[in-house]
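Peer 1: The chain contents come next:
There are 2 protein chains.
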Amino acid sequence: MRVINVGLLGCGTVGTGVAKILIENRNLIRSRVGADLYLKRIADIDLQRDRGIRFDAGVFTSDAHHVVDDPDIDIVIEMIGGEDIAKDLILKAIDNNKHIVTANKSLLANHGIEIFQAATKKGVDLAFEASVGGCMPIIKSLRESLVGNHIKSIAGILNGTCNYILSRSTDEGSTFENVLAEAQKIGFAEADPTLDVEGIDTAHKLAILTSLAYGMEINFNDIFIEGISSITPMDIVFARQFGYTIKLLAISKNTGDAVEARVHPTMIPFDNPLSSVNGVLNAVIVSGDAVGDMMLYGHGAGMMPTGSAVVGDTVDLVRNILSGATGRVPMLSYQMENIRNVPVMPIDDISIHYYFRFAAVDQPGVLSKISGILGDYEISIKSVHQKGRQTKGSVPIVMLTHLAREADVQKALSEIYNLEVVSDKPVLIRIEDEDGYDD
Amino acid sequence: MRVINVGLLGCGTVGTGVAKILIENRNLIRSRVGADLYLKRIADIDLQRDRGIRFDAGVFTSDAHHVVDDPDIDIVIEMIGGEDIAKDLILKAIDNNKHIVTANKSLLANHGIEIFQAATKKGVDLAFEASVGGCMPIIKSLRESLVGNHIKSIAGILNGTCNYILSRSTDEGSTFENVLAEAQKIGFAEADPTLDVEGIDTAHKLAILTSLAYGMEINFNDIFIEGISSITPMDIVFARQFGYTIKLLAISKNTGDAVEARVHPTMIPFDNPLSSVNGVLNAVIVSGDAVGDMMLYGHGAGMMPTGSAVVGDTVDLVRNILSGATGRVPMLSYQMENIRNVPVMPIDDISIHYYFRFAAVDQPGVLSKISGILGDYEISIKSVHQKGRQTKGSVPIVMLTHLAREADVQKALSEIYNLEVVSDKPVLIRIEDEDGYDD
Numbered sequence: 022m023r024v025i026n027v028g029l030l031g032c033g034t035v036g037t038g039v040a041k042i043l044i045e046n047r048n049l050i051r052s053r054v055g056a057d058l059y060l061k062r063i064a065d066i067d068l069q070r071d072r073g074i075r076f077d078a079g080v081f082t083s084d085a086h087h088v089v090d091d092p093d094i095d096i097v098i099e100m101i102g103g104e105d106i107a108k109d110l111i112l113k114a115i116d117n118n119k120h121i122v123t124a125n126k127s128l129l130a131n132h133g134i135e136i137f138q139a140a141t142k143k144g145v146d147l148a149f150e151a152s153v154g155g156c157m158p159i160i161k162s163l164r165e166s167l168v169g170n171h172i173k174s175i176a177g178i179l180n181g182t183c184n185y186i187l188s189r190s191t192d193e194g195s196t197f198e199n200v201l202a203e204a205q206k207i208g209f210a211e212a213d214p215t216l217d218v219e220g221i222d223t224a225h226k227l228a229i230l231t232s233l234a235y236g237m238e239i240n241f242n243d244i245f246i247e248g249i250s251s252i253t254p255m256d257i258v259f260a261r262q263f264g265y266t267i268k269l270l271a272i273s274k275n276t277g278d279a280v281e282a283r284v285h286p287t288m289i290p291f292d293n294p295l296s297s298v299n300g301v302l303n304a305v306i307v308s309g310d311a312v313g314d315m316m317l318y319g320h321g322a323g324m325m326p327t328g329s330a331v332v333g334d335t336v337d338l339v340r341n342i343l344s345g346a347t348g349r350v351p352m353l354s355y356q357m358e359n360i361r362n363v364p365v366m367p368i369d370d371i372s373i374h375y376y377f378r379f380a381a382v383d384q385p386g387v388l389s390k391i392s393g394i395l396g397d398y399e400i401s402i403k404s405v406h407q408k409g410r411q412t413k414g415s416v417p418i419v420m421l422t423h424l425a426r427e428a429d430v431q432k433a434l435s436e437i438y439n440l441e442v443v444s445d446k447p448v449l450i451r452i453e454d455e456d457g458y459d460d
Numbered sequence: 022m023r024v025i026n027v028g029l030l031g032c033g034t035v036g037t038g039v040a041k042i043l044i045e046n047r048n049l050i051r052s053r054v055g056a057d058l059y060l061k062r063i064a065d066i067d068l069q070r071d072r073g074i075r076f077d078a079g080v081f082t083s084d085a086h087h088v089v090d091d092p093d094i095d096i097v098i099e100m101i102g103g104e105d106i107a108k109d110l111i112l113k114a115i116d117n118n119k120h121i122v123t124a125n126k127s128l129l130a131n132h133g134i135e136i137f138q139a140a141t142k143k144g145v146d147l148a149f150e151a152s153v154g155g156c157m158p159i160i161k162s163l164r165e166s167l168v169g170n171h172i173k174s175i176a177g178i179l180n181g182t183c184n185y186i187l188s189r190s191t192d193e194g195s196t197f198e199n200v201l202a203e204a205q206k207i208g209f210a211e212a213d214p215t216l217d218v219e220g221i222d223t224a225h226k227l228a229i230l231t232s233l234a235y236g237m238e239i240n241f242n243d244i245f246i247e248g249i250s251s252i253t254p255m256d257i258v259f260a261r262q263f264g265y266t267i268k269l270l271a272i273s274k275n276t277g278d279a280v281e282a283r284v285h286p287t288m289i290p291f292d293n294p295l296s297s298v299n300g301v302l303n304a305v306i307v308s309g310d311a312v313g314d315m316m317l318y319g320h321g322a323g324m325m326p327t328g329s330a331v332v333g334d335t336v337d338l339v340r341n342i343l344s345g346a347t348g349r350v351p352m353l354s355y356q357m358e359n360i361r362n363v364p365v366m367p368i369d370d371i372s373i374h375y376y377f378r379f380a381a382v383d384q385p386g387v388l389s390k391i392s393g394i395l396g397d398y399e400i401s402i403k404s405v406h407q408k409g410r411q412t413k414g415s416v417p418i419v420m421l422t423h424l425a426r427e428a429d430v431q432k433a434l435s436e437i438y439n440l441e442v443v444s445d446k447p448v449l450i451r452i453e454d455e456d457g458y459d460d
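Quick mapping for you: the protein sequence lines, in order, are chains S and A. With the working numbering applied, the first sequence covers 22 to 460. With the working numbering applied, the second sequence covers 22 to 460.
Next up, chain S with everything else stripped away, as it sits in the complex:
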C-alpha cells in the first residue's frame, strides 16, 4: 500500500488536533482512502509539552526546515498562523514541490494571490477549508457542490468569540465588558481579543469566501469592518422587541457590477436561521440562483473540529496525488484566467434598513428636530418608539428606517449629534431583513 508522508508545521491547539486524528484514526483513513497517511515530522518550538498522543520517536523537530526540506514529505500542513514565518515556510515548501494545507485566514486574506500564484506556477495543490468556519465544508461547497450556481450572497456567523459574547449578552443582559472578561477566563476569548471582537478575523474569512464565490480578487482593505464592542444590552433588548437578534455577520452580495463585502453587528429577524445559532457555534448561509438558500452549521473553531477540516483537506490532496490529479479543482474556484477585478462597493453607497437609538433630552420638539434632519437626507422612518423615561437626564428614542443610503445616514446622524437636545453619540445598527420588511 502506498504511503503518503505528511509534515506538520506547528503543534499548538489545532496542530495537535490534526496530529491526533492522523495518528489515532490512521486505520480508518486508510480503509477509506486506500493509502497510508503517515505523519512523518512535526515542527514546533515546544518539544516538551505532553500533547496526550503517542508519537513515534524522532517525529518532533524544532526546526521547521526539517519539514519543508524533507524530500520524503509529500504534503505540508501549516498550523503556525500569523503572516511572516508561515508565509516564508509555505513558499519554501511550495518551492520544494510540496502540496500545502493551511488554515491561515489572515495570510490568505492579505497575501493569498502571491501564494496561489506560487502554487500554480509549481503545479502543487493548496487547500484551506479550515481557514473559514472550522469544520463546515463551506469552501468545498463553493468550489464543488455549488459549481452550477451563480452565487448571489453569503451571510455568516464566522467568529465564535463574538457569537459567544453576543449570545450571552442576549441571554443575560450583561455588558460587553463583563461577558468578554468571563469569556477570557474560560478560554473562549484571547488575552488580546482585538482580532476577534473588532471583526477583523471575520473579515479575513469573508475575504476568502467572497473571492471564491464570485471569482474575483479582493483587497482586504476594501472590506467594511465594524466590531461588537459598542453593542449594549439596551440595544439587544430593543432589537428583540422589534423581532430581531443582533449577530456579528459577514455579508457579501453580488450585485453584478460590484460586490458588497462588510462585517458589522446586524439585526436579523427571528425566523432567519442564523438568529438561533448561539454560543461559540458558527453558521453560514449561501444563496445561489439554483440552490436557493443553503446553510452549514457547526463548530467554527477548536482543536478537533478544525482538525477534522484540515484532515479532510489533506485527504483531498492525497487523493489527487494517488490519481495524478493535482490541480483538479482550481484553488480559487474559477480558472485563474477567469478571475476578474470586481469593485467592492464603498459602504457609503450601500442602501439598507437601519436601527437608530438617540439619547435625547426629554422635552417637546426633540422628535420633530431629529425627524426633520432625517427627512432632509431622505431617510424615511418606518417606526419610532420612545421607550421608557429618563435615564441620566435623557430618554432613548428608537427608530427603524425604510431603505436608506449609508452616506446619507452618516451625515444625518452627525448633524443630529450636534443638536443640543441630543446628549450621546447616536447608535446605528444595520438590519438585514429582505423577506419580512415591507418597503
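Watch out, some of these pointers could steer you wrong.
Pairs count within a copy or across copies, as identical chains cannot be separated in the list.
[Claimed, not checked] Only pairs whose alpha carbons sit at most 35 Å apart, straight line, appear in this in silico DSBU-like list of lysine-lysine:
(1) K403 to K173
(2) K173 to K206
(3) K173 to K41
(4) K61 to K403
(5) K206 to K143
(6) K61 to K173
(7) K41 to K390
(8) K390 to K108
(9) K206 to K41
(10) K446 to K61
(11) K173 to K390
(12) K390 to K113
(13) K142 to K446
(14) K143 to K173
The hints are simulated quantities; they were obtained by calculation from the structure and are not laboratory data. Bear in mind that the values here come from a model prediction, so they are computed numbers and not experimental data.
For chain S, the structure is supplied; the task is to place chain A on it using the hints.
Peer 2: Showing chain A alone in chain S's frame:
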C-alpha cells in the same frame, strides 16, 4: 477547450432543472471548470411540453438508447426515477463506459450493491449526491470532508412532504388528513403520498447515508419504518408542553458491533436545531468523533435545488475525466474491500425514552393499573400528566419514560390496551434527547 458531452435520461421536474442549469449557466460552469459541458441529448417520453428553456434543435429523443448508446456521450444523468427502467438503462450506460449521475434513492437503497459493482468493474464513476437531501452536500461531506472522523450518528429531516405536514399541524393544530389534502392541492404532496408519509422515502435515504457513514452494506428491509399518518394534533400539543417538537427523523447510530437504523416520528427538544427546521426544508446532523455535531440545512427537493446537486456531481465527474482521476473517491466512501457486514439492531433491542398517551376511563385506580403493568416490564416513568377531563368518555393520560427497551414497551402497551379501562390503542412516540434528559 475540451468538450464533455452529457446525456440526460428523463426531463421531468428535476431533469428540467438540470437542463436549465447546464444550458443557462454553461458559461459560468466553463469559467470554473475549464471545459465545456454540453447537454447533447435528452430522452423523454414527452417531446412537446414547453419547459421554458431554449434547447438546441435535435437534442430531444423519445428513445433512451439514443442517449446510453451514443458513443460521444461521456456522462449519463439518470432522472427517470423508479427501479426497473432506470436500473436497466444505468447498467446499459455503465456497460457502454459512461459515467453516471443519479438521484434515484429507491434504486440505490434496493439495488445499490449490484450497480456499484457494475460501475467498479467497468471503471466508471457513479455519483448520487442528489439522492439524499436535495441540495445539501451530505454525501460529499461523508465521503470527503469528514473522512478523518469515525461517524457516530446521523439524524435528519429528509422528506419535505412530511416536514411540511408536521410543521403545519404544529402551527395550526390541523389534522394529518386536512394538511395532507392541502399539501396535495399545492403540489407539496403526491396524489399517492404513501412513499412519503409512511417514511419509505426517508428510509431509502437513510439506507444510503448509513452505508456511507459506517462502510457497510445494509439490507433495506432491516430498517425500522414508521410514518406520520397517526400523529394527532393532541400529541403535538402535549409534546410542546413538555418542550418537544415532533419531526419525522431518519436516525442511524453506530454502536460499534451493530448499527441502529430507524425512521419514525420523534420528539426532539426545542434546542435541537432540527426542531426549528420547518416547512419543506430538510436538514441533517452528522456527529463525528472529531467534528462534533455538524448540520446541513436547505431545500431537500425541488427542480432547481436538486438540479444544483446533480450538476455538482456532474462537474465532479467531469473533473475526474479531465484529470484522468476516475475512481478518485470510492463510491461507497470506503474502499470496496473494507466494506463490512454490520448487523442492524432490531427495533426490539433499542433502548430509548418514550412518550405514551393512554385513553383511559375516568375512574379511580386506572393509573395504578397502567403503571403497574409498566413496572412489571421494568419501564420507569419519569413523569405523568393527566391532562384535562373527559373526551368521548375517556381522559388522556400522558407519560414520559426513562430509558426503556422497545420490546418491553410493546408488550406492556399491548397488555395495557387489553385493560377494560383503556379505550383506544395507546399512542407511543419515541424521544431523542441525549443532552437534556436526566436518567
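Peer 1: To test your reading of the hints: which numbers does this structure violate?
Peer 2: Numbers 4, 5, 7, 8, 10, 11, 12, 13, in rising order.
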